[in-house]
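**Student:** Put chain B on the given structure of chain A with help from the hints.
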Amino acid sequence: MRRWSTISGIRISLVAVLIVTTFASLLPQVAEAASVMKSTVVRFDSMDTSDFTSGTVCVEAFTGTNADYVQVTFPAGFTVSGTLGNWTTSLTQPSGPGSGSLYWPSGAIAFPNALTATNVTGQTVTWQFTTAAALSTTGYNCFNWTNTTTALKNPTSVGSSLEGSVDTENTTPAVMDSGNFATAVISNDQIVVTATVPPIFIFTMPSNTDTFTANLSPTGTTATSGVTPTIQTNAKGGWVMWVEDSNQALSSASTSGSIPSVGWNTNRPTSFTVGTAQYGLSVIAEAAGGTACTITVDPEYDTTTYGGTGGEFWGHWQQAGQCAGGESNGDGLKFVEEAGVSVLTPAATDYTDTLTIVGAGLF
Amino acid sequence: MRCKGVWRLLAPAAIVAVFVAMPGVSLAATPTPTPSARPTAPLDLATSPLPITLETVPGQTVTAPIKVKESGSPSEQLVVTLLKFTAEGTSGKPELSSFGPGDIYQNWVTFDKTKFTAADNVWQTVTMTIHIPKTAAFEYNYAVEITRQGDQLAPGGLQEAIAGGTATLVLLNVNAPGAQRSLELKSFGVEHRIVEFLPITFDATFHNNGNVYLQPGGDIFITQGNHQVGTVELNDEQGNILAGTYRDYQVGWADGFPFYTPKDTKGKPQVDRHGQPVMQLDWNLPTNTTSALTSSTASTTNVTMPQESNNVLSRLRFGEYTARLVAVYQDNFGRDVPITSTTTFWVIPWRILIVFLLILLAFGFTIYTIVRNILRRRKRLARLAKKRRPY
Chain A
680 MRRWSTISGI RISLVAVLIV TTFASLLPQV AEAASVMKST VVRFDSMDTS DFTSGTVCVE
740 AFTGTNADYV QVTFPAGFTV SGTLGNWTTS LTQPSGPGSG SLYWPSGAIA FPNALTATNV
800 TGQTVTWQFT TAAALSTTGY NCFNWTNTTT ALKNPTSVGS SLEGSVDTEN TTPAVMDSGN
860 FATAVISNDQ IVVTATVPPI FIFTMPSNTD TFTANLSPTG TTATSGVTPT IQTNAKGGWV
920 MWVEDSNQAL SSASTSGSIP SVGWNTNRPT SFTVGTAQYG LSVIAEAAGG TACTITVDPE
980 YDTTTYGGTG GEFWGHWQQA GQCAGGESNG DGLKFVEEAG VSVLTPAATD YTDTLTIVGA
1040 GLF
Chain B
22 MRCKGVWRLL APAAIVAVFV AMPGVSLAAT PTPTPSARPT APLDLATSPL PITLETVPGQ
82 TVTAPIKVKE SGSPSEQLVV TLLKFTAEGT SGKPELSSFG PGDIYQNWVT FDKTKFTAAD
142 NVWQTVTMTI HIPKTAAFEY NYAVEITRQG DQLAPGGLQE AIAGGTATLV LLNVNAPGAQ
202 RSLELKSFGV EHRIVEFLPI TFDATFHNNG NVYLQPGGDI FITQGNHQVG TVELNDEQGN
262 ILAGTYRDYQ VGWADGFPFY TPKDTKGKPQ VDRHGQPVMQ LDWNLPTNTT SALTSSTAST
322 TNVTMPQESN NVLSRLRFGE YTARLVAVYQ DNFGRDVPIT STTTFWVIPW RILIVFLLIL
382 LAFGFTIYTI VRNILRRRKR LARLAKKRRP Y
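Sequence lines, in order, name chains A and B. Residue numbering for the first sequence follows the numbering used here, beginning at 680 and increasing consecutively. Residue numbering for the second sequence follows the numbering used here, beginning at 22 and increasing consecutively.
One chain only, chain A, in its complex shape:
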């Protein structure tokens, strides 16, 4: 029998290595673990039950090395088409409000290379990069599956927290990064918006005073600057304006002087006689343009068309004009008061009168 001390050192070393190797092979195997995606987003364009839907897949990778495949496993209950041709993709960011940030996550970029579907097994669709490429590890990489009619069908019943996953794989293929997502299916993902535009009538009176541009004179007629009430309305029939006068004269409280209104002259305004105390109303059409209604001034006040100086002021409502046949966007009538005096008209600075102008839509 040989003693330990007689065995050479080399032989002892070999035996030790053999023993260590044998024990090592008996230890349990530890698989190469995949990393977890930093972030995973899958957005379905329709969340309605039984709808076919397109969608967007976005991931922020953990591993920055080249990936060859992307796998998306849709939640149970979704009907996944087995036809590879239905799983076309797009790397174009959808245009829309907010420079696309509302469609892809803010700051997202497209997947680095085009993707082609290579396999569908159960709920899992596998796409392969045209050439292997590394995904960004500092932001979202996104692509869309674009088929809206045959690729993916939502479950027939509503559900929440429906879980799926997105993986990236290397050329082996072995999973590099993996991330889960959850979605929901609802009975109605649309909101019907209804609105009512009411009939509306806006009357604007720019000023509640109208001043004669000069002192009244027996040698001619003096006019006021004029006031132009305007109307905006969506009434298809148009509008009408009336005028009512409180005194049918320009009156002075201090002297009891009066400049009476001219009388009624059917179908045309009255022409004033110089040197006579007379007072009349002239109405001028003020079309805003681009509107559907047509203005007609009552002929008794229409000095533009029929000449003359002015028409009679009435103590009751008298139609001044109308804009008929359509809507109006600021059409109006300009009301100008004309007056002349005789040499016997009492001098005063307080001659005044009150006109009330009312507008209404046609019935």
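Honestly, the hints are just simulated from the structure, not real lab data. Note that the structure is predicted; figures quoted are calculated from it, not measured. Any given hint could turn out to be false.
Said to hold, decoys possible - Straight line, CA to CA, 30 Å or less: simulated DSBU-like cross-link-like pairs of lysine-lysine: (1) A:K1013 x B:K284; (2) A:K1013 x B:K207; (3) B:K407 x A:K1013.
As the list claims (entries may be wrong) - Interface residues of chain B toward chain A, partial, derived using beta-carbon atoms under 7 Å: (4) A67; (5) P72; (6) I73; (7) E76; (8) T77; (9) P79; (10) L117; (11) T156; (12) A158; (13) G177; (14) A182; (15) L190; (16) E258; (17) G355.
Think of the CB as a built atom: it goes at the ideal place given N, C-alpha and C, for glycine as much as any other residue.
**Tutor:** Positioned in the frame of chain A, the structure of chain B alone reads:
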């Protein structure tokens, strides 16, 4: 005794206080504004809706909310006044007037407020309540005027006071026994039987020979031969005809090219010295926004007849056209009563035809000249050949 004396003093005041405190009661339908300072800001009043049409039966109470908004001033005092109206002429124009002593129906109306403070740009609702007595029948027309307090005060110093306001028309039918809904078509025709280019204007005049207001509707179908070439809507503005009055509805058809359209200068429509719009020829196909008369001048379709082709040349209108009016109104039982009438008109683009004829004449003359020259040359050649022929 002392107690009785106190009641004597308090009783009239208490009655007045109770009366004033009753909701919806106005002491006067036509309030007199208390004098105040003249406002200085422009008045900008918006009201909705317009007009208000109500249907009820005797003994009932109906309400009509009228929305009012004032813009431009921090706040304004607005005043509500009740007036009446009737129809003036045949174009749906109302004629405002104050109530007379016999107009007892003014007493049926109350407002929840007749004078109120309107804050800037805030919609407020004035509720009009009409208590219909059991003896009421059949049609009553009100106008609710809203004005600003203080505008009517005299400014003095050679200045006129100009007060402005809006009037919301309220049409009320009280369907008492004996109410009659009846409409008669007095005439249907075109403004001009022959036109060079569209638009053509149809006139339909109705007489409401019932005793409640009515709103006719319907279409005018335009055909050429056995093809329908257009449809225009009658009374698309949903105008009403008051009882016992006439109303004329004008609608235009402009679905052709070229067609006349109002001429604008710097966005403002031009008018001639008679106040009529100046028209210009437009060589584009008309759309709803280029309508010359109403918003319904462009054609719609009717599936009951063959439609004209989509060929643009088919819109070059030429020849005789037939327009068939189909108007309807509802009778006492809610049934549609149709009224029909037909008229014809011609579209003859004579200037285009003359140009075409001149071109045709010029072409014919050219052909004639060429043929004649050829024949002359042949004849001359024949003569020359005859002369050179050897004997």
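**Student:** All hints are to be evaluated individually against the structure, with a verdict given for each.
**Tutor:** We went through each hint and held it up to the structure:
no.: 1; hint: A:K1013 x B:K284; result: holds, 22 Å
no.: 2; hint: A:K1013 x B:K207; result: violated, 36 Å
no.: 3; hint: B:K407 x A:K1013; result: violated, 91 Å
no.: 4; hint: A67; result: holds, 4 Å
no.: 5; hint: P72; result: holds, 5 Å
no.: 6; hint: I73; result: violated, 9 Å
no.: 7; hint: E76; result: violated, 15 Å
no.: 8; hint: T77; result: violated, 18 Å
no.: 9; hint: P79; result: violated, 23 Å
no.: 10; hint: L117; result: holds, 4 Å
no.: 11; hint: T156; result: violated, 26 Å
no.: 12; hint: A158; result: violated, 20 Å
no.: 13; hint: G177; result: holds, 5 Å
no.: 14; hint: A182; result: holds, 4 Å
no.: 15; hint: L190; result: holds, 5 Å
no.: 16; hint: E258; result: holds, 3 Å
no.: 17; hint: G355; result: violated, 22 Å
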